[in-house]
Amino acid sequence: MSGDFDSILDVLHGTPIAPDVTNSLLQAKLDDIYKVLVQALSVRNEVSQAAVDRFDRAPSATQLKLLASPEVWDTVGVLKSHHPPHDLNHAHLQQKVLLIVARLLIAEGGHTPDDTDLVLSQVGPVFVSPAGDVAMTHIHGNRWNRTQMAKIGQTIALDFDSPLAKQSNLTSVVFSLPCLEWTEGEKVLAGKKIERAIAYMDTAAPQLGLLVRNFVRRIFLRKSVDIHKDGRIVGEFAMSSEHLPRYPGTIGLSNPQVTDNTVVKIMESVLHESVHNFLACYETAHGHFMSSDRAYRPISPWSGNNIPNHSLSHAIFVYYACHHLFERCLALGVFEHGSEAEQAEARIGDFASGFLIGRNLSSLFALNHSLNEGLRSVIERMQKDVINCYAYNVYLQEMA
Amino acid sequence: MTNIVLIYADSRDPLIPLLTSIEGLKLLHVDQISRSLKREQWPGLYRCAMDLSEYRFHNSLIFNRVFGLENSEAMSLLKANRLHEGWLHHCIDQITKPAAKRVHDIGQRGVSRTLLPLNIQWYLLAQALPEIRTPAFALGFNGAMPDLSALHPPILKSIWSFSAWKNETYMTELESRWNRFFVEAPMGLPVIVSFAGDKYQLHFPKGITEVSLEAIQQLVTTCRCEFKTDIGEIITFVKGDELTFCAYSPYVGFSASSPEFQDALIAYCKTTTSLCDAAQLAYDSI
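These protein sequence lines map, in sequence, to chains H and B. Per this note's numbering, residue 1 is the first one in the first sequence, and the count goes up by one each step. Per this note's numbering, residue 1001 is the first one in the second sequence, and the count goes up by one each step.
Just so you know, these hints were derived from the structure itself, not from any lab. There may be inaccurate statements among the hints.
Listed next, the in silico DSS-like pairs over lysine-lysine satisfying Cα-Cα at most 25 Å (straight line) [said to hold, decoys possible]: (1) B:Lys1166 <-> B:Lys1239; (2) B:Lys1199 <-> B:Lys1239; (3) B:Lys1166 <-> B:Lys1206; (4) B:Lys1239 <-> B:Lys1101; (5) B:Lys1097 <-> H:Lys384; (6) B:Lys1239 <-> H:Lys265; (7) B:Lys1228 <-> H:Lys384; (8) H:Lys166 <-> H:Lys151; (9) B:Lys1270 <-> B:Lys1206.
Non-contacting residues of chain B with respect to chain H, defined by C-beta distances greater than 10 Å in every case (computed) [to be verified]: (10) Leu1025; (11) Pro1043; (12) His1084; (13) Arg1113; (14) Leu1124; (15) Ala1128; (16) Ala1164; (17) Tyr1170; (18) Asn1179; (19) Gln1218; (20) Thr1221; (21) Ser1257.
A virtual CB, placed ideally from N, CA and C, is assigned to each residue, including glycine.
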């Protein structure tokens, strides 16, 4: 574990060095993705060579989009799991990488007829770009119609309909839910609510709005419930969110269109998962905070559940960030509706409760190695920060 | 004269009738505390305004027996005030801070070192006593079944169940389906060690067996230190020379009826209050 844990707080608080810290983390992540991609394509056959050559010839901005693409990661993940190198399936998967490059080039406008033929034969006449920001519809020949996808915060794509957004994955709290079709009205409503959540964040703690934009480029949205006017409920109601290590730079959200999934709740969910993405980038650059051994699991003071040590370490940062955001929102009075302020007041108490446990949070860990002293120090600092918010709140009246 | 205060949640706690025989003992139910918690507007969060003068917490001996909020109105009051359970324990921590001695650690389950899940107890004991034997176990994650090949035989357990070592009698659905916890059934005969302060008694529920008193003493001392507690039961199994530490429990359901434990408890109170009185006198004379 290298790295200065204090720099995590620099980003959360938006200190002058935060941009440099963020840039270095993002660059490290992209470098890592590139290494993994090249390694996955290291088998020298015609297909893999074509894929690597194509990538190397693409403009650097296009390369970056590709490296940040969840579709690339999905394919690379599968590539890594296949052996031996001469396996025909491996060649097929390398073909998929070429396909992703082709789709991106079509969306960028720098494609060839071979790209069109490849996409039409493998995907069909309609697809979403790997960055999730453009929908392409084939017109004829080599011509495609580009439609800009919904974005929030000017940079984050909302993905309602891509194959990745519609996948089924029983290990995912978002993708395990049933997948119902979005109406255009629901998409607009979901977009507006998420946009308002980001706007509150930008007003109260702009550095956190920046964190979200830097570490989330696409939000996968799952509609799993239809609540009809007559009270009928179709599907499964859940308000879940998830950071998706398999797809760096993305998060998943379920049912933002539902009334109970309020703007305040969405704001919390988006920040929560964004901080996980940020921490994952930090660990890519500097190593894991601690062992991921799961035999001895401390109890989270927030949920009361037994969770791996590593998850607890992330949770401390996540709840610290959420507490900071909500504290700023309340202190600055950013909410437009009284009910939103009430929700935030209720929820901030939950965030704070874990920091007021009467012992150092770092004493909760059950590790088979020593806790990194830098991490211990930062956890103590965060705990003191939150405790200090409430030192004057606890009023006990002892009558003589 | 050092005051003794019992803060409790469960009126069925077998320690209560043992302590109420002590003259001058003050009782404070957790509902009295939770009723006095009032939610305030930001930047306040809660206000706990109750008359504490009769308890004289300063320099007192506190038996904090709030291990759960079942059978109390406190949990519903907390929910009505939209307060996380942690705030109640934070309040208990604040009001008992002036005490000379708190018999147990403060906090909700898993935060209080007096009420830790089994595998964390084993972790802490192994750190303090590397030679101690604890049960082998396997813990699943996210619904996956763990590898049970090293457990002979495996029994499915709750991490919070300290007394049942054959078949688990109660488990939540989360525990039975999601993060399944299997333990190797301990070998030998159970030996329950009840202690109050540094005095302990041995109980043999399934038959008497030889046990090293030196090992028991070391175990009691270590449990008091690691679990921040002066009262409780230690569940062990003994087979031949092998002693297996299975759990520390603050519940004294097994030993409460034992006259020796009762005597030890009274002696603990007398000794501790005397020490507190002496410390206070020494402080006052400075």
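Right, here's what the structure says about each hint:
1. B:Lys1166 <-> B:Lys1239: holds, 16 Å
2. B:Lys1199 <-> B:Lys1239: holds, 24 Å
3. B:Lys1166 <-> B:Lys1206: Cα-Cα ~13 Å, so holds.
4. B:Lys1239 <-> B:Lys1101: The given pair, whose Cα atoms are some 37 Å apart, is violated under the 25 Å limit.
5. B:Lys1097 <-> H:Lys384: holds, 18 Å
6. B:Lys1239 <-> H:Lys265: Given that 25 Å is the threshold and the Cα spacing comes to 55 Å, the pair is violated.
7. B:Lys1228 <-> H:Lys384: holds, 23 Å
8. H:Lys166 <-> H:Lys151: holds, 18 Å
9. B:Lys1270 <-> B:Lys1206: violated, 33 Å
10. Leu1025: holds, 20 Å
11. Pro1043: violated, 7 Å
12. His1084: The claim is violated: B:His1084 sits with its nearest Cβ about 4 Å from chain H, within 10 Å.
13. Arg1113: Since the minimum Cβ distance to chain H is about 8 Å, B:Arg1113 lies within 10 Å and the statement is violated.
14. Leu1124: Check fails; 8 Å does not lie beyond 10 Å.
15. Ala1128: holds, 13 Å
16. Ala1164: holds, 18 Å
17. Tyr1170: Given a closest Cβ separation of 17 Å, the condition holds.
18. Asn1179: The claim is violated: B:Asn1179 sits with its nearest Cβ about 7 Å from chain H, within 10 Å.
19. Gln1218: Answer for B:Gln1218: holds, closest chain H Cβ roughly 22 Å.
20. Thr1221: holds, 20 Å
21. Ser1257: Its Cβ never comes within 10 Å of chain H, the nearest being 31 Å, so this holds.
Violation of the numbered hints given earlier is confined to hints 4, 6, 9, 11, 12, 13, 14, 18; the remaining hints are satisfied by the structure.
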